[in-house]
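Chain B is fixed; fit chain Y onto it per the hints.
Line order of the protein sequences matches chains B and Y. Number 177 in the UniProt record's numbering belongs to position 177 of the first sequence; there are no gaps in the numbering. Number 333 in the UniProt record's numbering belongs to position 333 of the second sequence; there are no gaps in the numbering.
Derived from the structure by calculation, the hints contain no laboratory data. None of the values given here were measured: they were computed from a predicted structure. Ideal placement from N, C-alpha and C gives every residue a C-beta, glycine not left out. Hints are not guaranteed to be accurate.
[Unchecked claim] Coverage of chain B stretches by chain Y, computed from C-beta distances (three or more under 8 angstroms per stretch; other residues unrestricted):
1) 160 to 166
2) 178 to 190
3) 193 to 204
4) 210 to 223
5) 262 to 270
6) 294 to 300
[To be verified] Below, simulated DSSO-like cross-link-like pairs (lysine-lysine); rule was C-alpha separation at most 27 angstroms, straight line:
7) B:K225 x B:K273
8) Y:K342 x B:K225
9) B:K118 x B:K66
10) B:K56 x B:K118
11) Y:K225 x B:K342
12) Y:K56 x Y:K71
Residue-level listing of the chains:
Number of protein chains: 2
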Amino acid sequence: MSGTTWTLTVAQFQLEYGLTLPSTTVCYRSWGTLNHARNNVMVICHPFTGSVDVEKWWGPLIGSGKAFDPKHYFIICANVLGSPFGTTSPLSIDSSTGRRYGPNFPSTTIRDDVRLHKLVLDHLGVTSVAVVVGGSMGGMTALEWPLCFPDLVRRIIPLATCAKQSAWCIAWGEAKRQIIYTDSAFRGGYYPRERPPKQGLAAARMVGLVTYRSSDSYEQRFGRKLDDPCSHVHYHHQQKGDDNTVCNTTKAQIVVDHAEHPRFSAQSYLHYKGATFATDFDANCYIHLTHKMDTHDITRGRVSVADVDEHTALSSVLRTLPPHPLIISISSDVLCPPHEQKILADGIPEAELVIIDSMAGHDGFLVESERIDAAVVRYLRHEFPEFYDD
Amino acid sequence: MSGTTWTLTVAQFQLEYGLTLPSTTVCYRSWGTLNHARNNVMVICHPFTGSVDVEKWWGPLIGSGKAFDPKHYFIICANVLGSPFGTTSPLSIDSSTGRRYGPNFPSTTIRDDVRLHKLVLDHLGVTSVAVVVGGSMGGMTALEWPLCFPDLVRRIIPLATCAKQSAWCIAWGEAKRQIIYTDSAFRGGYYPRERPPKQGLAAARMVGLVTYRSSDSYEQRFGRKLDDPCSHVHYHHQQKGDDNTVCNTTKAQIVVDHAEHPRFSAQSYLHYKGATFATDFDANCYIHLTHKMDTHDITRGRVSVADVDEHTALSSVLRTLPPHPLIISISSDVLCPPHEQKILADGIPEAELVIIDSMAGHDGFLVESERIDAAVVRYLRHEFPEFYDD
Chain B
1 MSGTTWTLTV AQFQLEYGLT LPSTTVCYRS WGTLNHARNN VMVICHPFTG SVDVEKWWGP
61 LIGSGKAFDP KHYFIICANV LGSPFGTTSP LSIDSSTGRR YGPNFPSTTI RDDVRLHKLV
121 LDHLGVTSVA VVVGGSMGGM TALEWPLCFP DLVRRIIPLA TCAKQSAWCI AWGEAKRQII
181 YTDSAFRGGY YPRERPPKQG LAAARMVGLV TYRSSDSYEQ RFGRKLDDPC SHVHYHHQQK
241 GDDNTVCNTT KAQIVVDHAE HPRFSAQSYL HYKGATFATD FDANCYIHLT HKMDTHDITR
301 GRVSVADVDE HTALSSVLRT LPPHPLIISI SSDVLCPPHE QKILADGIPE AELVIIDSMA
361 GHDGFLVESE RIDAAVVRYL RHEFPEFYDD
Chain Y
1 MSGTTWTLTV AQFQLEYGLT LPSTTVCYRS WGTLNHARNN VMVICHPFTG SVDVEKWWGP
61 LIGSGKAFDP KHYFIICANV LGSPFGTTSP LSIDSSTGRR YGPNFPSTTI RDDVRLHKLV
121 LDHLGVTSVA VVVGGSMGGM TALEWPLCFP DLVRRIIPLA TCAKQSAWCI AWGEAKRQII
181 YTDSAFRGGY YPRERPPKQG LAAARMVGLV TYRSSDSYEQ RFGRKLDDPC SHVHYHHQQK
241 GDDNTVCNTT KAQIVVDHAE HPRFSAQSYL HYKGATFATD FDANCYIHLT HKMDTHDITR
301 GRVSVADVDE HTALSSVLRT LPPHPLIISI SSDVLCPPHE QKILADGIPE AELVIIDSMA
361 GHDGFLVESE RIDAAVVRYL RHEFPEFYDD
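Same shape as in the complex, but just chain B (with noise of 0.2 angstroms):
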């Protein structure tokens, strides 16, 4: 039942936007096996900063007996493009160069991610899918797979998420990338390997952090409460020496906490969360995807009438899109707020819609594992008995 991942490499990949990638790696893991009919195929959509191990951040419903279960579904989940984790990315070598590509990696959309993943379908013989789930970006591209390839997705589950990347959105993208453009160290996107600019980095994904959650979520979790000076760490006055009590100032010391003020938790949080993120993150990366998220519009180019309003353009594809989908949505997402799923709801035809009464904010699609897990046990026994012959 354990996952196993694998890479497929393309000689060429053509990018929405024009240009050609060469030698295109993409990496993918899988789990279960494919049925006779090569159609109990369920594609999990990854979000922003995920990678392949679902394990790792849809854990909670990977399983027998789960959401996610491999005794039922051929399983299968692809990097993206751009993502540091095993498809080709900035950090991937560019044979024009024998230089990593860095800032000087194409752009890619939500629909690039889509056709390269479906070449990996291709090569596993796969021609009928039944199921692709998503939250947030992987929301995204769940939304793009049956629009890309009409006849291949039978139903779709996204969750926390849009038919187009808002303007709210657009603008913390802005200001993420402007953060990492503020370190020195990012030189453009010429940082070496070993000197990346991990404070800004970490500093964008503090932002980040702040607005996956709620205000209730935080005043729950943190209050006010005052840091433990050892529990996480600080920059100054860090102890030296090898006895065994000092503070562990590895992390942190990518985040700097100057002077005397009292040291809330809520802050001590964001420095360890940021710190890990930005040893583990690659800055070019992290680039890449917010533009990538940036150009997510279902309706760009598939509208004809040029003057059409943007209403009509959506709801006109919308209604192309596999009936009956299982819509999700955080009662307290900001980011992506209910009623961009409702949106998805009202044009998707027979669509059903479940909002997650939660303080979570947006990570309620990754925190409220057992109500998600719940949902979507439900709506797959409902949806495709054929594959619950227990």
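Same frame as chain B, but now just chain Y:
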């Protein structure tokens, strides 16, 4: 009817956290005249990045027949400690070193501002304040006035504010500080006057600008509109020469625009506003004020029983505030959401809560001037008929 700006210097000023500032200057502006009873006093408390120039940020509320009417009130607005607009701050000269305080400017609290501004009232012979009004950080100050001087203040009008800085806002403050620290020009706060960390300050401001509005307001204003390439400006591909048609690149050089991605109007808005702010404000002052707001907690040191629960502590302090305040909320405020003003309204005796239904977000307390003006005029005429002899 136009205001006049003054300064008052006190020989020394003791701060709440123990340090004493020598020779402290407070900048204030006043409109109208003190009546014979010396009690027609209206104190306006400015928000985070505001100044005593109320005309600049609450202009539509000031004037004849308006909420802040110098015909009826002696109106005064004083600049807070640590703000770059006239009162002693990190920009001031530390007499012990002959250099600017910079990052060594001591921590101050909202209560320090109230006690310092009270010295201005003493200087002017004011013995009773009719009303204190303020939004956001100014609302924190409005709450602290009667708590610091219980017999002085008759009424308060706090807008878009809270009894204590929330964990979410603490997190925002921390993220913004980390952004500024990321700018190598910051140099731990010891930047020369001519080379301030403008890029970091602009990026921090951008984050603020996104939080000050709502997703809906960005959507309505910007949507997915692309930028007119000359309406603001690009860092790269600057046009040069003295041709009248060139773009103005001065401000936008602070922020960076990389590569060939589509440029959305929402991005240009942030670039322009961020860069303008970074030219007008000071990074050490910005950091100082975010820390000041983090200290805001009206229960601090005011509850005698150590183990009393938070809710009881808050109630016991709120009930000592002057009765019948006018409390104003903006329905879409994500920074100080309406439920925080509901806590105030539930705790302060005979409170009136007005929730303004608006998509303007936190900035609604500035933007929704017409509805705020109407509510405040009605309230003031009811509470202080003696000042309105027309």
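Outcome of the hint check:
no., hint, in the structure
1, 160 to 166, "holds (count 3)"
2, 178 to 190, "holds (count 8)"
3, 193 to 204, "holds (count 4)"
4, 210 to 223, "holds (count 9)"
5, 262 to 270, "holds (count 7)"
6, 294 to 300, "holds (count 3)"
7, B:K225 x B:K273, "18 angstroms, holds"
8, Y:K342 x B:K225, "22 angstroms, holds"
9, B:K118 x B:K66, "25 angstroms, holds"
10, B:K56 x B:K118, "24 angstroms, holds"
11, Y:K225 x B:K342, "22 angstroms, holds"
12, Y:K56 x Y:K71, "20 angstroms, holds"
The structure shown violates none of the earlier numbered hints.
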